[in-house]
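Chemist: Spelled out from the first residue to the last, the chains are:
Number of protein chains: 2
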Amino acid sequence: MEEEIRKEFREMLAFLDAGKLSEFKEKAYDCPPVDIAEGLEEIEETGRVLRIFRMLPKDISSDVFAYMTSEQQQLIAESATNAELKALVDDMFLDDTVDFLEEMPANVVKKVLGNADEHTRALINQFLNYPENSAGTLMTIEYVDLHDYFTVRKAMDYIRRTGIDKETVYTCYVIDEQRRLVGQVSLRRLIIAPENAYIRDIMESVVAYAATTDDQEAVAEDFSRYDLTSLPVCDKEGRLVGIITIDDIVDVIQEENTEDIKKMAAIIPSDELYMDAGVMHLVAHRLPWLMIMMLSATLSSTIITHFESVLAGAVALTAFIPMLTGSAGNSGSQTSVTVIRNMSLGEVELSDWFAVLWKELRVALVSGAALAAVNFIRMMVFDQPGVMICAVVSFTLLCAIVLAASVGCLLPMGAKKLGLDPAVMASPMITTIVDCCALLIYFVIAGFALGL
Amino acid sequence: MEEEIRKEFREMLAFLDAGKLSEFKEKAYDCPPVDIAEGLEEIEETGRVLRIFRMLPKDISSDVFAYMTSEQQQLIAESATNAELKALVDDMFLDDTVDFLEEMPANVVKKVLGNADEHTRALINQFLNYPENSAGTLMTIEYVDLHDYFTVRKAMDYIRRTGIDKETVYTCYVIDEQRRLVGQVSLRRLIIAPENAYIRDIMESVVAYAATTDDQEAVAEDFSRYDLTSLPVCDKEGRLVGIITIDDIVDVIQEENTEDIKKMAAIIPSDELYMDAGVMHLVAHRLPWLMIMMLSATLSSTIITHFESVLAGAVALTAFIPMLTGSAGNSGSQTSVTVIRNMSLGEVELSDWFAVLWKELRVALVSGAALAAVNFIRMMVFDQPGVMICAVVSFTLLCAIVLAASVGCLLPMGAKKLGLDPAVMASPMITTIVDCCALLIYFVIAGFALGL
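Quick mapping for you: the protein sequence lines, in order, are chains A and B. Be aware that the first sequence starts at 1, since it is given in my numbering, and climbs by one per residue. Be aware that the second sequence starts at 1, since it is given in my numbering, and climbs by one per residue.
A portion of the hints provided could be inaccurate.
[Stated by the list, open to error] Quick list of in silico lysine-lysine cross-link-like pairs, DSS-like style, CA-CA up to 25 angstroms: (1) A/K7 <-> B/K111; (2) A/K262 <-> A/K417; (3) B/K236 <-> B/K262; (4) B/K166 <-> B/K58; (5) B/K86 <-> B/K7; (6) B/K263 <-> A/K263; (7) A/K110 <-> A/K58; (8) B/K58 <-> A/K263; (9) A/K236 <-> B/K236; (10) A/K7 <-> A/K20; (11) A/K166 <-> B/K166; (12) B/K262 <-> A/K417; (13) A/K58 <-> A/K111; (14) A/K262 <-> B/K417; (15) A/K262 <-> B/K236; (16) B/K154 <-> A/K154; (17) B/K262 <-> A/K262; (18) B/K58 <-> B/K86; (19) B/K7 <-> B/K20; (20) A/K25 <-> A/K7; (21) A/K58 <-> A/K27; (22) B/K236 <-> B/K263.
[What the hints assert, rightly or not] Looking from chain B toward chain A, a few residues come up when the C-beta cut is under 8 angstroms (computed): (23) S300; (24) V363; (25) V366; (26) T431.
[Unchecked claim] Among the chain B residues that face chain A by a calculated CB cut under 7 angstroms, a handful are: (27) Q74; (28) M323; (29) I389.
Because the hints were derived from the structure by calculation, they are not lab data. Every residue, glycine too, gets a C-beta built ideally from N, C-alpha and C.
Bound conformation, chain A alone (with noise of 0.2 angstroms):
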């Protein structure tokens, strides 16, 4: 399929290329925009980019704008006349634009507000300001307002005549005098009511809003709680403002799951795309981690240097030192990225702690039962170090994976009730606690049962 769609601009580039510039607008049409989009970063010639961009339909190139990424966004804004820019500004849907200002750079920005209206130049600024991620960044202000006193002829005369602007009008909001949001009526609906019924009689309540400061995060909870495809949102006061759609919600879910995947794995997250990432924004966004991790395995050094008495007296004891902490950290990565997903998704609560915890400790003591028998008979039969060490490892090895689910369980809902991230208690961090405490276990248990 999406080979198929390609093939539609690459017959784009032929009629081009041939100056069949007709079939080039009709076909252009016919390209869904992402793609036009797409196919224009494959081309290396700015020039021929440009070129390309100014011969699409109008109505066409706003929307293959907003799909571009930041750098053909930039090199086609600074090449714009002041009246190519204002068209196309004036063309893209508002939250679109915003998107594209906040990647450019300010001389970039400066022409654009310099080109927009008066009223459009306000707005902009405004969404600029939205603190980020918060469902102001995310609405549109191209909705459909009806008046609560408008009657169903009325208001779908409205619709046939304002609708084309609209980001959507399949939802319609219905406001008072006041502009406060005080239903919502669907366009299902408005098609099957009679002509001169009152909107404010066919109209139902609004099932969730938001306010322009509220977390994306949240936003998509609701759309997904409630299977929405639009939300209003309203400022203090309770007046409606803006809309947000649902292509942006999933958007906006993939950045989330993206931004605890990298939590998860000790990677301050950052909204750049790893293929234009440089170098140096890599490590700024790992070492930090890193250089904490090594830094608290100074504990693990200390312990095993305190301890040098019962490793001399079992040099056979240092062998199995990679194998314990490694099992350790992999039973407390399942059991803390289990807790921290389970608790993303609401699926966990804090109250729940006690039964989460009486759920990972059974676990971990099944698991840590049958990984210890197996070891043993492994150590019995292969490294034949002795009954007695054998047993102390295997011993050992049931206790660091009970201990090690305990801190996994703990840890990442210890941080949610202090209002942290609990993403940040996954499996590196885990790790590193789990190596002392494992170490610590052995030692002693070794110290205790080998008498050394």
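Starting from the known structure of chain A, arrange chain B on it as the hints suggest.
Modeler: Then chain B, alone, in the frame of chain A:
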């Protein structure tokens, strides 16, 4: 916001307890079905759940039923009369019925199928036979299909008459005499088009479609790529057989992310909800990887045993084993998770492997050098084992981190190349491999530098 909505469910209960049935039913229309379903979940006494459910207005109860847990669905299905069950299934969207039946024991499935008419029964059986996680299991048959020879007036009449039972009316799909999909038309376009225009003249080409056997992940990618709210599904002959709507895709995206995260933490994914899963179920999904990783750690024991003479020559070396394997593991997991996530988002392709490796190597060199330098200073100041040992440990750290980055980059890409899921090659797997490599480097460098 949420608490306010849950309040509505509490008010419903209060009306019911006070015997005010009509107020209860009226309130039920104001309360989102998902909130009623979750409210019912909180009620312990099954008799009370059944009584409340029976009191719900008929058109609401099927919506609520679709949101209930499998346990409560089973409870209701088992206690319902044949007539009640038939009414419930008739009112539900087919995709919700199929989701519900997939979780039910054989006796409930039999009871439901026995009460469905022949046509529905055949459809349900067909849906239950689609491969797991395929477009076929996601789709619904409640869509609007317009013939290309319809006029706009006829199409609008058709939508008004049948649209109330459709999952969406906002994108209508156009079919020819053989029910082959030939185009689509949005309701937005229909309401502004002249009443006597023909559908074939105003329809647009279909942006994307799926086959019944397509994987849900590919379907989700099309939704996100083309900002769709619904997608048509065709059979092998190109005939329209269903549509998939965005609300199901949001769930798919979350499911796929959870699956990736679990795999990255060396957990075998399962669809079971955490709080419902039994201890042995969790053990079965975690123990296999723990066991494999513990057994592969045998290799690290063998390496340590093999180099016992080196360790005996400089006992201080033992103390830095956990720091070295830990740091290398953390760095390898940062790289592997970055590569896996970017491949799954389509940001990195297999053909980029050299660019990615080159980038990761430079990041590892810079990070490794910084870590090695800090470690050298720390050891000189605090541990004071002599310059030579400090140098050996620090140089090993640098080498181990560069190696970990290469493994963390190449292994997931190699897995993808072989058609395996790259997510399996994440942190715990990488850690185990990197542990061995780090130890090997450590002892070789130490043996050489210290002349042991």
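Chemist: Give me the numbers of the hints this structure contradicts, sorted from smallest to largest.
Modeler: 1, 3, 5, 8, 9, 15, 22, 27, 29
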